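A.B. asks: Sequence:
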Amino acid sequence: MRNIFLCFLLLSITSFTTNAQVLEPVKWSTSVKKISDTEYELITNAVIDRGWHLYSQIVPEDGPIPTTFIYETGKDAELIGATVEEDGVTVNDVVFNMMIKFFEDTAEFRQRIKVINKELSIVKGEVEFMVCDDIRCLPPTYIDLEFDLSKANADGSTTSSASDADKSGINFQAPTDNDAADASNNTVVKENVALNKEDKDADTNGLWTIFILGIGAGLIALFTPCVFPLIPMTVSFFTKQSQNKAQGIKNAIIYGVCIIIIYVILGTGVVAVFGASAINEFSTSVTFNLLFFIILVVFAVSFLGAFEIMLPNSWANKIDRKADKGGYTGIFFMALALAIVSFSCTGPFVGNIIVLSATSGGIAPMIGMLGFSLALALPFGLFAAFPGWMNSLPKSGGWLNTVKVVLGFLELAFAFKFLSQADLVLQLHFLEREVFIAIWIAIFGALAFYLFGKIKLPNDSPLTHISVGRLSLGLLVLSFTIYMIPGLWGAPLNLISAFPPPLDYSESPYGVGYSKSGGGGFVSNDSQELPDGAHLLAPHQILAFNDYDKGMAYAKSVGKPVMLDFTGWACVNCRKMEQHVWPNDQVLNVLKNEVVLISLYVDDKRKLEDHEVVESQLRPGKQLKYIGQKWSEFQTIRYKTNTQPFYALIGHDEENLNDPVGYTPDAQAYFEWMKEGLEAFQK
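Using this note's numbering, you'd call the opening residue of the sequence shown number 1 and step up by one each time.
It is possible that some hints are incorrect.
As a list, the in silico EDC-like pairs of lysine to aspartate or glutamate whose alpha-carbon atoms are at most 20 Å apart [claimed, not checked]:
1. LYS560 with GLU672
2. LYS118 with GLU41
3. LYS640 with GLU654
4. LYS114 with ASP76
5. LYS34 with GLU146
6. LYS560 with ASP460
7. LYS75 with ASP148
8. LYS114 with ASP87
9. LYS27 with GLU146
10. LYS630 with GLU654
11. LYS33 with GLU78
12. LYS151 with GLU119
13. LYS27 with GLU119
Computed beta-carbon distance windows for the label pairs [as the list claims (entries may be wrong)]:
14. VAL286 with VAL468: 53 to 63 Å
15. SER497 with ASP76: 48 to 58 Å
16. SER497 with ILE35: 45 to 55 Å
17. GLU676 with LEU476: 48 to 58 Å
18. ALA553 with PRO502: 48 to 58 Å
19. ILE637 with ILE482: 37 to 47 Å
Everything labelled a hint here was simulated from the structure, so no lab data went into it.
None of the values given here were measured: they were computed from a predicted structure.
Idealized CB from N, CA, C, for every residue including glycine.
Start from the sequences, fold in the hints, and give me the full structure.
C.D. replies: Dropping the structure here:
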């Protein structure tokens, strides 16, 4: 039965027509809870159709549009804190292929306010949200909210009021106990249990990943000049100062446990101070990415030997004096002294782990610090138990500084990933793909020369010869550097595909100074300017317009039909069509030579020009503020649907040449649809 359903679903996708309805899978309602005479809690509830996901207020970069609340309080009231949401579920989303938090079935959001004007009775607001199911996403939707403070009961209970979505004719009914008792709903409950189990498994896998990354970072941190020399010194201290070997081992183990406690407390403190959701928000913001870029560059320059980053000496001196007290208290302060003294080497690792783990939220920062500190503390206990092992340790020397310098180069390279993220979000095009790859080639090329002894840095020891290990690492880095060079000419560089900007965010998707015509079509060069309002859509060099009127005018001037492409920046299936279906030889030939492509982004958040701002036909009394709203409403009114991707072939009279289609992963079926429209245009 399930296979029949899947076949039917696939058929419905590939044969998408104008009979599709406008989907509204989320119904909103509001209520108010009275906290005191001046404080209230504004509660917004969402009921979500089965199979759809409402996304959190915090989502990763390049993910879906987050749920966003705006409250019109003016001078009559002030917001207390941020809007609080439920735990939801965090899974590897099949649409966006990333860990994302979303809500299923229901969601509740709470915002506390303090009333300044006692005459205030109504607080108005707006929620912007995006919902997806497993195969499609809807464009950003804006719903008006209204909170009636006069209906808040003194005992703290709430009275619900409908949002404008409900007033517009959408039936709203909260689930009842009788519904839950229905036999068919028992099946739904079982399926939800299974889904929740999968979600918990995904969360557990994410925590294990964070834990393993923490261990890896701790093991690397061991081989830095700030930590490695302390291992034999500390173990020797415990074995010599203890009355017997057993006590020495015990004290060393307690020392290691104290190291773990200190770093776990650090991770716990960060979450307690900022909150897991706040840290997550930092990690997906432009400000955070720019700040972390600067921090990583500073750490990298420090690792390269320009200066030392140290916590105040007074801190270490005070801790040392307390460590002299002896006993378990003294051991704890010895561990704290290690954390402070080694900060210049361990700081970058700790910062990276906290930020990366915080994107998972919850207890992930503590788990990350647990892994890091466990790897850092383990040698002290092991070498105390087996002191003979220390004879096998390499002696401290210049190789420790080499490790530190190599880490500095890596820090510098990774720093540009965060700068790239900020540039992508702002669409500044300062750090396009070729520039990013060129920077990495320079960084890793310099690292290769350093490992071969051709570059000397301030803290390096005299190098009389190159060890086999250093030579091998140098050859590996040089090979990696050479591997990246073709990326300047359009190579995908699959080994590092997660780091540089995407192929379409570049000066030329096929490399510097070269455009691939792909069998005809418009090719831009110095002697041939692009039409007004047009651009070349990477990576296929398809002439495309983002403005409907300019695209239609050009199509009439060249005598070609128009293909309307309703798409979105956060539309994954749109990218899949562009990456897997459009490159088909037959499809690409049509797109480049036989139609004029007009791509309309329904989630474009750029504001409309003042003369373009008009009243919404779907939401009377509300104005269209963004370009995306304009195209989303255009699609909804003309085609009675609001899903993307959505394709329509139209003639110069703006009438459909054939039935529009949605997501069509079969390239041959997509070409047949295009061929049908072209034949209708020729008649």
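A.B. asks: Now tell me if each hint is right for this structure.
C.D. replies: Here is what the structure says about each hint:
no.	hint	in the structure
1	LYS560 with GLU672	18 Å, holds
2	LYS118 with GLU41	15 Å, holds
3	LYS640 with GLU654	16 Å, holds
4	LYS114 with ASP76	9 Å, holds
5	LYS34 with GLU146	16 Å, holds
6	LYS560 with ASP460	67 Å, violated
7	LYS75 with ASP148	17 Å, holds
8	LYS114 with ASP87	25 Å, violated
9	LYS27 with GLU146	14 Å, holds
10	LYS630 with GLU654	18 Å, holds
11	LYS33 with GLU78	16 Å, holds
12	LYS151 with GLU119	14 Å, holds
13	LYS27 with GLU119	30 Å, violated
14	VAL286 with VAL468: 53 to 63 Å	45 Å, violated
15	SER497 with ASP76: 48 to 58 Å	51 Å, holds
16	SER497 with ILE35: 45 to 55 Å	50 Å, holds
17	GLU676 with LEU476: 48 to 58 Å	54 Å, holds
18	ALA553 with PRO502: 48 to 58 Å	30 Å, violated
19	ILE637 with ILE482: 37 to 47 Å	55 Å, violated
The structure is inconsistent with the numbered hints 6, 8, 13, 14, 18 and 19, although it conforms to all the rest.
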